[in-house]
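In the order they appear, the protein sequences are chains A and B. Just so we're aligned, residue 273 is where the first sequence starts under the working numbering, counting upward by one. Just so we're aligned, residue 273 is where the second sequence starts under the working numbering, counting upward by one.
It cannot be assumed that every hint is accurate.
Because identical chains share one entry, a pair is satisfied inside a single copy or across any pair of copies.
Unchecked claim - Dumping the calculated BS3-like pairs for lysine-lysine here, alpha-carbon to alpha-carbon at most 25 Å:
1. K465 - K300
2. K465 - K418
3. K345 - K314
4. K465 - K345
5. K394 - K332
6. K308 - K450
7. K330 - K438
8. K300 - K438
9. K465 - K394
10. K450 - K329
11. K413 - K352
12. K300 - K418
13. K299 - K413
Because the hints were derived from the structure by calculation, they are not lab data.
Protein chains: 2
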Amino acid sequence: MSEIDFWFSIGSTYTYLSVNRIAEVAKKENLSINWKPFSVRKIMMDMDNIPFTPPSKKVKSDYMWRDIERRAKFYGFEAKVPAPYPLKEFDLANQIAILGINEGWGVDYVTTTYKRWFQEGKEPATEPNLSEILTNLNLNKDEILKNANSEEIKSQYLQNTDNAYKLGVFGSPTFIYKGEVFWGDDRLEDCIKWINFQ
Amino acid sequence: MSEIDFWFSIGSTYTYLSVNRIAEVAKKENLSINWKPFSVRKIMMDMDNIPFTPPSKKVKSDYMWRDIERRAKFYGFEAKVPAPYPLKEFDLANQIAILGINEGWGVDYVTTTYKRWFQEGKEPATEPNLSEILTNLNLNKDEILKNANSEEIKSQYLQNTDNAYKLGVFGSPTFIYKGEVFWGDDRLEDCIKWINFQ
Chain A
273 MSEIDFWFSI GSTYTYLSVN RIAEVAKKEN LSINWKPFSV RKIMMDMDNI
323 PFTPPSKKVK SDYMWRDIER RAKFYGFEAK VPAPYPLKEF DLANQIAILG
373 INEGWGVDYV TTTYKRWFQE GKEPATEPNL SEILTNLNLN KDEILKNANS
423 EEIKSQYLQN TDNAYKLGVF GSPTFIYKGE VFWGDDRLED CIKWINFQ
Chain B
273 MSEIDFWFSI GSTYTYLSVN RIAEVAKKEN LSINWKPFSV RKIMMDMDNI
323 PFTPPSKKVK SDYMWRDIER RAKFYGFEAK VPAPYPLKEF DLANQIAILG
373 INEGWGVDYV TTTYKRWFQE GKEPATEPNL SEILTNLNLN KDEILKNANS
423 EEIKSQYLQN TDNAYKLGVF GSPTFIYKGE VFWGDDRLED CIKWINFQ
């Protein structure tokens, strides 16, 4: 079984496509996926890389939503676009993901968060959406918030982001197999080809 | 036979992949391709969209070359990277393409120009590369340069660029089928799926 590191930030739009299909792809291709939340926002700001923000990039952001909608359809699932963007609680959403991956409920949290964001228009890590998600996962919201905002989790988030940058990650999603970097949902298949090519 | 408008700028790196494979894809899929040169540089500058330029974006530009190299390999052809970039004679290279498409030798010129750029490291529209290409096409270099720099061709280049922008083009290559925009070499297959989907 080949291992792929799946670097992502909740807040990245295209990451919806990967989050929503990676379990099925992994099963089919016999892959093990390591879910690794980091701050793509910090890396992009460090690199002076301005994301899709209207109005100066309206043509590009309109295209992005249309492209995500079409690709979701090709994959066989739904994407209601535009989804709320950019996120108000970007860091919190990802710190909860880090805590969750440490504790074993992270993949469910991330998957549910993305489905609600792109299928129901519910913004990640905002209320009442967050409480509903945590309740469905049988988690205590106050405790989760306290832990997700702890110095330990913040430092792990920063460390993940530093590691990602050092590995050559500059966008979300990024797939890494034995040091080979594949950026973008549309490169997941390239990553798999690459593995089979070795 | 479905018609796709293929908007491109000589100077775009990823466009190499499309230029080098589109004839074969078109034949296989029974498509007619309209080659449409425009200035992606002008559109990107108008949109404050900074391309892959070192050093602030070295991680991203290193990735780009690696990605192009890998994708070329998957397609079954070669890409020697990094190729000379950015181009000194960006506009001239594209104005010659416009002239050539008007006169019937444009596709050969663009294809040869890209092959030499990405397989032999020869920069487009610089000497002695340009003279060699035009000689191989049985064209008179002085005449071509005069015509490619005429007000008529410059105005057609600008007009193409305006049209591209109005149609929602912001990058090269872009494929348009009946108003539906697909950006990137990796979206050519999406465009074909889209056509078959209608």
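To see whether the hints hold, each was checked on the structure:
| no. | hint | verdict |
| --- | --- | --- |
| 1 | K465 - K300 | both (13 Å within a copy, 23 Å between copies) |
| 2 | K465 - K418 | neither (42 Å within a copy, 47 Å between copies) |
| 3 | K345 - K314 | neither (31 Å within a copy, 33 Å between copies) |
| 4 | K465 - K345 | both (23 Å within a copy, 11 Å between copies) |
| 5 | K394 - K332 | within (23 Å within a copy, 32 Å between copies) |
| 6 | K308 - K450 | within (15 Å within a copy, 40 Å between copies) |
| 7 | K330 - K438 | between (31 Å within a copy, 12 Å between copies) |
| 8 | K300 - K438 | neither (30 Å within a copy, 42 Å between copies) |
| 9 | K465 - K394 | neither (35 Å within a copy, 30 Å between copies) |
| 10 | K450 - K329 | between (35 Å within a copy, 23 Å between copies) |
| 11 | K413 - K352 | neither (27 Å within a copy, 54 Å between copies) |
| 12 | K300 - K418 | neither (38 Å within a copy, 58 Å between copies) |
| 13 | K299 - K413 | neither (32 Å within a copy, 58 Å between copies) |
Of the numbered hints listed earlier, those contradicted by the structure are 2, 3, 8, 9, 11, 12, 13.
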